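Chains as they are written, first to last, in my numbering: chain A, 1 to 478; chain B, 1 to 203.
Calculated directly from the structure, the hints in this document are not laboratory data. Hints should not be assumed to be uniformly reliable.
Partner residues are not named here, just some residues of chain B that face chain A (Cβ under 7 angstroms, in silico) [claimed, not checked]:
id : residue
1  : Asn18
2  : Asp22
3  : Lys27
4  : Arg35
5  : Asp49
6  : Glu84
7  : Pro101
8  : Ile106
9  : Gln113
10 : Ile176
11 : Thr179
12 : Thr181
13 : Ala185
14 : Asp187
15 : Phe189
16 : Pro202
Counterexamples of contact, computed for chain A against chain B with all Cβ distances above 12 angstroms [said to hold, decoys possible]:
id : residue
17 : Ile152
18 : Pro182
19 : Arg377
20 : Arg384
Fair warning: this is a prediction, and the values are worked out from it, not measured in the lab. Note that the Cβ used here is the ideal one computed from N, Cα and C, for glycine as well.
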Amino acid sequence: MAGKTLYDKIFDAHLVASDGRGDGTGEAILYIDLHLIHEVTTPQAFAGLAAAGRKVRRPDRTLAVLDHNVPTEGQALGLAGITDPDSRAQVEALERNVAKYGVPLFALGDPRNGIVHVVGPEQGRTQPGMTIVCGDSHTSTHGAFGALAHGIGTSEVEHVLATQTLRQTRSRTLRVNFTGAPPPGVGAKDYALALIAQIGTSGGAGYAIEYAGEAVRALTMEGRMTLCNMSIEAGARTGLVAPDETTFAYLKGRPGAPKAGAWELALAHWRTLVSDPDARFDREIEIDVSTLAPMVTWGTSPQDAAPITGATPDPEALTDGVNNAPRAAAIRRALDYMGLKPGQPLAGIAIDRVFIGSCTNSRIEDLRAAAAIVRGRHVADGVRAMVVPGSGLVREQAEAEGLDVIFRDAGFDWREPGCSMCLGMNPDRLAPGERCASTSNRNFEGRQGRGGRTHLLSPAMAAAAAVTGRLTDVRDLL
Amino acid sequence: MTPFTTLTARAAPLDMDNVDTDQIIPKQFLKTTERAGLAKGLFYDLRFDAEGRAKPGFVLDDPCYAKAGVLIAGDNFGCGSSREHAPWALQDFGIRCVIAPSFADIFRNNALQNGLLPVVLPRKTCEALMAEALGGNHLFTVDLERQVVTSPSGAAFTFEIDAPAKQKLLAGLDAIGETLTKADAIDAFEAAQSQSQPWMTPA
Chain A
1 MAGKTLYDKI FDAHLVASDG RGDGTGEAIL YIDLHLIHEV TTPQAFAGLA AAGRKVRRPD
61 RTLAVLDHNV PTEGQALGLA GITDPDSRAQ VEALERNVAK YGVPLFALGD PRNGIVHVVG
121 PEQGRTQPGM TIVCGDSHTS THGAFGALAH GIGTSEVEHV LATQTLRQTR SRTLRVNFTG
181 APPPGVGAKD YALALIAQIG TSGGAGYAIE YAGEAVRALT MEGRMTLCNM SIEAGARTGL
241 VAPDETTFAY LKGRPGAPKA GAWELALAHW RTLVSDPDAR FDREIEIDVS TLAPMVTWGT
301 SPQDAAPITG ATPDPEALTD GVNNAPRAAA IRRALDYMGL KPGQPLAGIA IDRVFIGSCT
361 NSRIEDLRAA AAIVRGRHVA DGVRAMVVPG SGLVREQAEA EGLDVIFRDA GFDWREPGCS
421 MCLGMNPDRL APGERCASTS NRNFEGRQGR GGRTHLLSPA MAAAAAVTGR LTDVRDLL
Chain B
1 MTPFTTLTAR AAPLDMDNVD TDQIIPKQFL KTTERAGLAK GLFYDLRFDA EGRAKPGFVL
61 DDPCYAKAGV LIAGDNFGCG SSREHAPWAL QDFGIRCVIA PSFADIFRNN ALQNGLLPVV
121 LPRKTCEALM AEALGGNHLF TVDLERQVVT SPSGAAFTFE IDAPAKQKLL AGLDAIGETL
181 TKADAIDAFE AAQSQSQPWM TPA
């Protein structure tokens, strides 16, 4: 019998019941070890729970944060700092619901609050081998710890609240091997964008991705989180990395991590969480990172990514398919929305805004990478640049290291934690036509504000864009 | 959940790949605490300008598609965020079935939770169906039990759907109620895990 993939090991270890067919296509009931919740995708779930007279089965395995709606200033004011009445109503609803059912919440202004996918790992609540869900598609982030983590909708949130389980069908498995050593200026964000550019935004649909290879082993936990975070942009609900010494060192001593004797017990289990050498994946892809350059998106889908040394595509010159008409139409539409010409070099495109933040790139290492480029330089004339740490604790750490001074001295706005301009549900958003170099994850039309134009890139590349006022090859500034 | 058995309705063609959930229902409509009333935000940025004035030309605003119950779209429909507001908005508008060459996983799950049927058919078939849908005054029939879409010209196309999803839709099952019938198995799982992996239970 062939060995098991890490995905299948975790899936099988959480099987509460199944329809008995055992062929992998039937619906299984999986136990959920950790349920993270936030204010946007839960009000209707709690309402459904109340209407049916049900309670939260495991409030102790549920953790609530406030992130999507919160303004990134004045959080010490609490609710009074939220001027948008609809945003305030959602925050109030979550506060009311967690109080009613006894679910722990990190309140506004509590340094432990922040973006849900930064908080879970930072608190040590995200652990290897767990099943983790949240009503947010970027829940794949937690797979960096060797957890089976994915986004769910509101009906499923209600299902997990009531039963601590989820009905699931098994995914196919895709292993992506990142081999080689990255050139200077290339990192996890570039790996993710290069993969999505290669397989497309539906290339991972139906698959659970395992990221492997020496380039992944060499990544820090922050880098692995960036990589797993973007799995959903490749169409895969979940992406994971087998845990190793890097994982264990990150977790040790965190508030939610196992203590004393339990630590050794946990460690022994975690070391078994690898795909067996003879495990068979449904698909395998290899990418040699030594061949990559810093990546940037030019269009309105994360698959519209290219090396900064490249140019926008020419829809009239497509050669790679029998019927290129739909692709050509999509490129024309994207270039029109983005205000770019076919064949336009990416380096040199002038930008108006810079956003360093989001669940993809707002952790301490991301801020260090950006600060290293910014140090001794200044934000270009006419550019508005902001840094939004992923949590209050990331913000405190950055301030302890003096990063806030580097950013402020350079003319950056140093903000309080939250999802901020990644999705424009709070006051941080682009004006129509504004062009933004952004470390976030989606460049969809209108994502950062109606008519806003988003270029996705790494924190170092965002910093390079800020100080030059243009999309710039960060390697020129190293 | 409202069961889905058979639907006979007009269909609207939306010939775009990668229709993402930010397009289906933009962020400003996610601030509601209700499920109902989201039709006003459906494809908002494609239908209205920045001042909220109707933009001409979007398919669902064409009077001949106003009563469409089926939407036919391109590849990777519903990619992006996990917002269940996307199927809620489609349903609130009157769409009960989306036909596309492929769907994003989370959108598909969310649709199934709400009695909205995602039908996967090859791109060429979708293109042919879109052509037949033009003008809107033609009825399509979607029969879930038989797994067949019948176009206005009478052409029939069989589609695949996994058995649990089909059963759930046909019966309009309350998934939570179903799962709670396995409460003993959940109790047993928790008891076993607290023995073998005690660190998993938060202090």
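Against the structure, test the hints numbered earlier, and report the numbers of the ones violated in rising order.
-> 5, 7, 12, 14, 17
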